[in-house]
Amino acid sequence: MVNFDNPKIIVKQLDFYYGEVQALFDISLQIPEKQVTALIGPSGCGKSTFLRMLNRMNDIIPGTHHQGKILIDNSEIYSDNTDVVQLRKSVGMVFQKSNPFPKSVYDNIAYGPRIHGITDKNVLNEIVEKSLQGAALWDEVKDRLDESAISLSGGQQQRLCIARALAVEPEIILMDEPASALDPKSTARIENLIGELRKEYTIVIVTHNMQQAARVSDMTAFFYEGNLIEHDQTQTIFTSPAIKQTEDYITGRFG
Amino acid sequence: MNYRLRERIIKRVLMGAASTSILVVILIFLFLGKEAFPFIYEPGLSGLWNKRWIPVSFIQEFYGIIPLITGSVLVTIIAVVIMIPFGVLGAIYVAEIATAWEKNILKPFIEILAGIPSVVIGFFGLVVLSPVVKSLFGLNTGLTAFTGALLLALMAIPTVISISEDAIHSVPQSFKEASLALGASRLQTIWRVTVPAALPGIIAAIMLGMGRVIGETMVVLMVTGNAAKISWNPFDSVRTMTATIAAEMGEVAFGSTHYQALFWVAIVLLFITFLLNVVAQKVLKKYQMR
Chain A
1 MVNFDNPKII VKQLDFYYGE VQALFDISLQ IPEKQVTALI GPSGCGKSTF LRMLNRMNDI
61 IPGTHHQGKI LIDNSEIYSD NTDVVQLRKS VGMVFQKSNP FPKSVYDNIA YGPRIHGITD
121 KNVLNEIVEK SLQGAALWDE VKDRLDESAI SLSGGQQQRL CIARALAVEP EIILMDEPAS
181 ALDPKSTARI ENLIGELRKE YTIVIVTHNM QQAARVSDMT AFFYEGNLIE HDQTQTIFTS
241 PAIKQTEDYI TGRFG
Chain B
256 MNYRLRERII KRVLMGAAST SILVVILIFL FLGKEAFPFI YEPGLSGLWN KRWIPVSFIQ
316 EFYGIIPLIT GSVLVTIIAV VIMIPFGVLG AIYVAEIATA WEKNILKPFI EILAGIPSVV
376 IGFFGLVVLS PVVKSLFGLN TGLTAFTGAL LLALMAIPTV ISISEDAIHS VPQSFKEASL
436 ALGASRLQTI WRVTVPAALP GIIAAIMLGM GRVIGETMVV LMVTGNAAKI SWNPFDSVRT
496 MTATIAAEMG EVAFGSTHYQ ALFWVAIVLL FITFLLNVVA QKVLKKYQMR
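Here the protein sequences line up with chains A and B, keeping their order.
So for the first sequence, this note's numbering puts the first residue at 1; every next one is plus one.
So for the second sequence, this note's numbering puts the first residue at 256; every next one is plus one.
I should point out that these hints are in silico values taken from the structure, not numbers from a laboratory.
Since we're looking at a predicted model, the values are computed, not measured.
Check the hints yourself; a few may be wrong.
Computed spacing ranges between beta-carbons, pair by pair [as the list claims (entries may be wrong)]:
1) A:Val21 with B:Leu539: 37 to 45 Å
2) A:Gly19 with B:Lys358: 17 to 25 Å
3) B:Ile367 with A:Phe25: 45 to 53 Å
Where is the CB? At the ideal position from N, CA and C, for every residue including glycine.
In isolation and in its complexed conformation, chain B is listed as follows (with noise of 0.2 Å):
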């Protein structure tokens, strides 16, 4: 074989491997928009916007998938709140202040949390956490969105941290001397220079940390339980557009309006997903040009 057709097929399989992402969101797009298309008819898209998901019922259906989003937004919002000082805070000490001797001991910690299955940090939260939730602050039930919230927070600061603690990493060592040269401390250093010159990568890091505690599903399946209503209470229970999915795909009949209803609920899903990540590269863009 001449060494120019042995080029030629070695690029081509590397641009195969290349592509086969392109072509599985969109395989991914068509799957999603043709099972979900009948419902257009009947019941119709206005059936979504509704206060009520009540799914399978003797008397009448709900495909209101609007306490799902406010659920998915509540658990998101609490987690991103507890996710962004520990996250931040613990990248900056891990990267500028930590001695070589508490970097060895936090750094394997931090990857050991990241790589806990969720379904043992779900268990954790069901059996540990709960009920700590529950007599802490007087509730019915430890089910609540704040313990799923704590949990996910929990799950998604080891990527803040060590996304973090890179784009800290790789501020010019130049900038700290220029800082410490004109009588800066070393936390005036960290906070006035370091800090702002990594914050595009810091923002980078929360926005993958919140697209992983915004898609997160069996956690949220586990703690926060499950009930579909409308309520900005962080100590409600509440249902996230997630845990429906999973929980009621396994047993809906095939083709019927509650599993099209199922299939808007994973479009409504991508789509946030999707403008969170166009406006992270956004922010991102924004804050590179300066």
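Isolated chain A, as found in the complex (with noise of 0.2 Å):
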């Protein structure tokens, strides 16, 4: 296990089931603070669950139990007296699917924030310029702030869900295979963003890619079959993991 020493979230121990099935298995992990670690395995590996632990997503799924400990900055987010809202507000996450909503661009990124209690336009305007700015994508839609986020292209509408992120300040973002459903165009803008957000947030991706993980994070974690099985410096990882199964998927021998 890596240790770091200033970590900025904890995994110990974390064994997870949906119902009787158990789809993690003692996971233990630190991610490390301004940094990009990347998640990486075969479908179904568990890597997208482990995401999902981070923010409590797998609350909302009925009959899922856990045990383990996951702190983020030292504190346990499955304590009893864990503020859900207050979690989610500092762990972002985007999706593998674009989802912004049905709404225009504007309330799409003002959403957040509103439903955080920012009633003041100035502020919300100030916080849509800086959040668009901040996912690389205020420069294409400034001056169609009204439009339906639908009508945006398939690359933009996942910069604006970054966006829609970005603006309720989190410290920690996790990304579910965000570029999977892109073209190689919009896949490069996502990983240029993903280089640029490294420098202020803590940044957690799952992703199918190999190359886009080498290319991408500071960090690799391998997984399979519920188990992590090696996590290392992605550099370390892409030339010479210490395990033999990482390596024959790092090798495409399969997977």
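Dock chain to chain to rebuild the complex, using the hints, since each chain is given by itself in its own frame.
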């Protein structure tokens, strides 16, 4: 297990179950602050399930339960007095399929700040602009803020979803295969954006695409059948993995 | 028989079945027009624009349909005002909040309510509800527009609930997840994302419920008191267009002026429901464009 001086997220001996079916087995992992951690592995290996543990999105699936600990900034996020609203505010999420609300571009970004009580028009305008700039989308949409978000292209929609997540000022951003439905050009833009965002945010990204993991991440964790097989510097994982299974997956022998 | 001929025959049969409704609508229009037509010459269409509906009299008959229209409009407005909150909020509860266990109880009851024959509802209104309305509001009679509207709302609520529920249910899970992931509570998500996304379906549901209300006959005939006068007081007796046709058509002399006037009432009713449908479609289209 790789340890850090000042980890943002600490996961200790995490087991997770969908009803009777165990999906995660004894996962222990530390995620460093302001770096990109990639979770890789074949379909059904538990990487998305693990990601959704970090902002408690699995709570909404009936019949799930877990054991173990997840600490963010050294406080347990599954304790009885955790404020899930505050947690999700500080741990933003971007989904595999871009899912803008059927509202205007502006209202999409302003949605988060508004539900957290911001009503001042000037403040909202500022947040919208800042968030869109943060997601490298401002120049493309600044003249069409009132248009429906659905009218944007697929890549723009995904960056809009990133901007929407930024608008509530998170510290951590979870990304669940954010570029898997996009064309190569849009994918490249998202990857560049991740490179920018890592300066200010802690990013955890699930990806199917190993080249992508190699390109964007500092750390890589390889999951297989609900187990964390290996976790190390991305460079190490992709050049000299310690475990045979990791090497087989990286080199395309299975998965 | 070779397959091509068979295909063609099947196609014709299906087409025939599909066009039946067109044919029926045209026939109804022609029939209504034909029966109502002579009224235009004698006593003339201006006779309809009158505040009195007194079709049988020894002195002078009046065929003014204004009181019938106001009666229908008053009952419909009250019914819709009652129907919308119960129907829409009920649908939100059933679709988004109720546990599986609660749903298993709620849904069959809603379906039973939808299936109760209108004459039974009218009977219930006459015997149970109208005395309550009478004593509760200190009226001379419990047979009022309000009583009828209450029952009509009851009849339309299941329609509104089940269609709105479908609409709410079909809002993609991904919208809800996006909202929750931003730190919205469940209720904020329902109110700000799910319901707005389902709004076209909800509006369609309300329009359909309204159609049911305005076209319903038996209940209003039984409980609204059937006084053909212009009133906007919910606690007055009123007479609706549907009730007028149902009550008088059986006894009117075939082909008489009164008979023709009743056909004009039907034409106006048809026109109103048609207009309602067109508006509903327009609203739906506008929202779907977004």
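**Study point:** Status of the given 17 to 25 Å range, CB of B:Lys358 versus CB of A:Gly19
**Key:** holds, 20 Å
Check your understanding: Within 37 to 45 Å or not, the Cβ separation of A:Val21 and B:Leu539?
Key -> holds, 43 Å
Review point. Is 45 to 53 Å right for how far apart the beta carbons of B:Ile367 and A:Phe25 are?
Key: For B:Ile367 and A:Phe25 the Cβ distance comes to about 49 Å; the hint holds.
In summary, this structure violates none of the numbered hints.
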